[in-house]
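Each chain, letter by letter, is given below.
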Amino acid sequence: MAEIEIGRLLRAGTTGCVIGCRVSQLDIPVFGGLVSIPLESGYQVYGLIHDIHIDDDGLVRQLVTTPSLSEDVLLDNRINRNVPVEISVLFCGYAQAGRISHLLPPRPPLSLDAIYTCSQEELVRFTGAGQFGYFRHVLRNEEIPLGELLAAHLEQAGLAHSAAGNSVWIRSATQELITLLRDDYPSLVGVLSALRDAQIPNF
Amino acid sequence: MPVNYQDIKQQIKQNVSQMRLQQVERNARLELAQRLLEQYAGEVEFLQQRVEVVSRLFGLRCARPLYEPLDFCAEAPIDHACPVVLAADGSQVNPSRHDEVVFGLINVGLFRMMPGQPATEVADGHLFSDDELYPAQGGMINEDLVALKRDLRERNFLLEKAHQEDELVLALVDGPLFYRKPRDVSGAYADAELEKAFAEFLNVNNKLAHHGIAMVGYVDKPGADLLIRLLELADTPPSELAQADKHRPLRRVSDVNLLGKFLAPGQRSAVFALESTDARIFSEQTKPHFFYLNVGTATKSYLVRVEIPAWVARDTELTGTIHAVLLEQCRMMGQKPYPYALYRAHEIALVTFKEKQQIGEMIAFELRRQGQMPEGGSNKQSAKDAASGGKGRYNG
Numbered sequence: 001m002a003e004i005e006i007g008r009l010l011r012a013g014t015t016g017c018v019i020g021c022r023v024s025q026l027d028i029p030v031f032g033g034l035v036s037i038p039l040e041s042g043y044q045v046y047g048l049i050h051d052i053h054i055d056d057d058g059l060v061r062q063l064v065t066t067p068s069l070s071e072d073v074l075l076d077n078r079i080n081r082n083v084p085v086e087i088s089v090l091f092c093g094y095a096q097a098g099r100i101s102h103l104l105p106p107r108p109p110l111s112l113d114a115i116y117t118c119s120q121e122e123l124v125r126f127t128g129a130g131q132f133g134y135f136r137h138v139l140r141n142e143e144i145p146l147g148e149l150l151a152a153h154l155e156q157a158g159l160a161h162s163a164a165g166n167s168v169w170i171r172s173a174t175q176e177l178i179t180l181l182r183d184d185y186p187s188l189v190g191v192l193s194a195l196r197d198a199q200i201p202n203f
Numbered sequence: 204m205p206v207n208y209q210d211i212k213q214q215i216k217q218n219v220s221q222m223r224l225q226q227v228e229r230n231a232r233l234e235l236a237q238r239l240l241e242q243y244a245g246e247v248e249f250l251q252q253r254v255e256v257v258s259r260l261f262g263l264r265c266a267r268p269l270y271e272p273l274d275f276c277a278e279a280p281i282d283h284a285c286p287v288v289l290a291a292d293g294s295q296v297n298p299s300r301h302d303e304v305v306f307g308l309i310n311v312g313l314f315r316m317m318p319g320q321p322a323t324e325v326a327d328g329h330l331f332s333d334d335e336l337y338p339a340q341g342g343m344i345n346e347d348l349v350a351l352k353r354d355l356r357e358r359n360f361l362l363e364k365a366h367q368e369d370e371l372v373l374a375l376v377d378g379p380l381f382y383r384k385p386r387d388v389s390g391a392y393a394d395a396e397l398e399k400a401f402a403e404f405l406n407v408n409n410k411l412a413h414h415g416i417a418m419v420g421y422v423d424k425p426g427a428d429l430l431i432r433l434l435e436l437a438d439t440p441p442s443e444l445a446q447a448d449k450h451r452p453l454r455r456v457s458d459v460n461l462l463g464k465f466l467a468p469g470q471r472s473a474v475f476a477l478e479s480t481d482a483r484i485f486s487e488q489t490k491p492h493f494f495y496l497n498v499g500t501a502t503k504s505y506l507v508r509v510e511i512p513a514w515v516a517r518d519t520e521l522t523g524t525i526h527a528v529l530l531e532q533c534r535m536m537g538q539k540p541y542p543y544a545l546y547r548a549h550e551i552a553l554v555t556f557k558e559k560q561q562i563g564e565m566i567a568f569e570l571r572r573q574g575q576m577p578e579g580g581s582n583k584q585s586a587k588d589a590a591s592g593g594k595g596r597y598n599g
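As given, the protein sequences belong to chains A and B, one line each in that order.
So the first sequence is numbered by our numbering: it starts at 1 and just counts up by one.
So the second sequence is numbered by our numbering: it starts at 204 and just counts up by one.
No lab work stands behind these hints: they were computed from the structure.
Treat the hints with care, as some may be off.
Facing chain A, a subset of chain B residues (Cβ under 7 angstroms, in silico) [stated by the list, open to error]:
id: 1; residue: Glu324
id: 2; residue: Asn406
id: 3; residue: Gly537
Some chain B residues judged to face chain A by a derived CB distance under 7 angstroms, without partners named [said to hold, decoys possible]:
id: 4; residue: Ala322
id: 5; residue: Met535
id: 6; residue: Gln538
As the structure is a prediction and not an experimental result, all values here were calculated from the model.
Note that the Cβ used here is the ideal one computed from N, Cα and C, for glycine as well.
Extracted from the complex, chain A is given alone in its bound form (with noise of 0.2 angstroms):
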């Protein structure tokens, strides 16, 4: 899957940002995906949505009551409103001329800056980089449904990684897990549970 823009910068902090995207624009990311913010310094960074969030307003809310609402009012909605999608992207690293770090990014991404899906390729290079360092990323942020995450990012890597013939990585991934987890053991099971239902290939 080759890359593509999804939105852009809302706002940013150390740890993640909040991309806004149109409604129409909403079909490519999916939740747990890994996207790519190129910056013009030179590096990019990397990171996972965790988050979707889709706003209402008072003309939304009055809509939504409407017995029969029309095609045309609905497609309006969607394509022409500014009432964009937020979506919450946790920072799980970056690359530097080719590089790739699973450390913070030296500083985060602008206002408008634009937001990319990765591709397959880019996908397998960044998380078979390293050793899992940007797991830590996902396991000290309390604020997100990690076990539905990592289940949701394993799912899609361990796809690419097998499609890309490296059929151990998602037993390296878990085991991995298994050992960052091993003195947190409700979240520990909570994610092996969401990880049980993803359509993982020899799990």
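Use these hints to put chain B onto chain A, whose structure you have.
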């Protein structure tokens, strides 16, 4: 010092008590109005003559029947044309000498709908030049002129976009279709500018009519008594016609009060011409006409006034199309009927307080960049901002 709620509460009690008594009186007047409506419903020719006679005696503002009886009501046609709906609305920033930088802005939003085609929107912003802000006659542009210029830009924008359409176009605006020329312009205001803008306004209305673009003014919650005034005129004895302007037995009864008694949901009233001194300024083709329309539901009536130009009023089929399209538009909004396209045009045009502030900051930044200092806000404005805790109010 906060509002004295105790004092206000006492006044509210007194006012509401008076309102109850007034309501009883109004009900009696409404019954009289209903009787007069029944009595004169079919007397179209008599009523036309009466309006003609009285309008020569003094400035009059009332309804003049065309050909349908006063108690006429019609359902929307089932088969009608499917025109392109172009809705325009404007928003303005009135210049204030109390702001850090003095500027005026008009923003017009236009929304296009056509069944089966994706809806589209476009906005057109105009920042007043120095010459526009400070007319040659002296003083600063006044709010009346800003409002007229806003309406003018709305019409011009509609004309420009309607030209690009091959189908029949309904050009929808919020509020009355014709602009009432302000009379209280003092010497300090820009009279010549106002005259010029008003002439342009009349001209663009003529152009819209010439190109067959059906202008429609949607007046929500109208409080007018145009039909009521007609009934009062009809009820005036011939010998007292010269004093008919003082004969007000139906005072404070509105057209909506009267027509709400018999216009069923979805029905329109008869089409009337708007008889007034202002209306005479318009050309024969564009003279304002109107009908009332019940856009409500079986459980809750809701009457609006729909203003159309004379050439549209003469075309029964086109009037029917407008009737049907407005009902469709209102029903898109569910429980609070209002044309969807107009709502969207307003949304596109709206200049928020925050946007006004940002534009002010952009101008101040550019002034500094080019080596000029902004005038700075007034001390009065600073004091007001401080009193409101920085919560500014803006009615753009």
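Here's how the hints hold up against the structure:
Contact between Glu324(B) and chain A, as hinted, is supported at the beta carbon level, the nearest pair being about 5 angstroms apart and thus within 7 angstroms. With a cut of 7 angstroms, the hint placing Asn406(B) at the interface with chain A is violated, because the nearest CB-to-CB distance is about 32 angstroms. Interface restraint check for Gly537(B): the shortest CB-CB distance to chain A comes to about 3 angstroms, inside 7 angstroms, so the restraint holds. Among the interface hints, the one on Ala322(B) holds; its C-beta lies about 4 angstroms from the nearest C-beta in chain A, closer than the 7 angstroms criterion.
The interface hint given for Met535(B) holds, since its Cβ lies 5 angstroms from the closest Cβ of chain A, which is under the 7 angstroms cut-off. With its C-beta approaching chain A no nearer than about 6 angstroms, Gln538(B) sits inside the 7 angstroms limit, and its interface hint holds.
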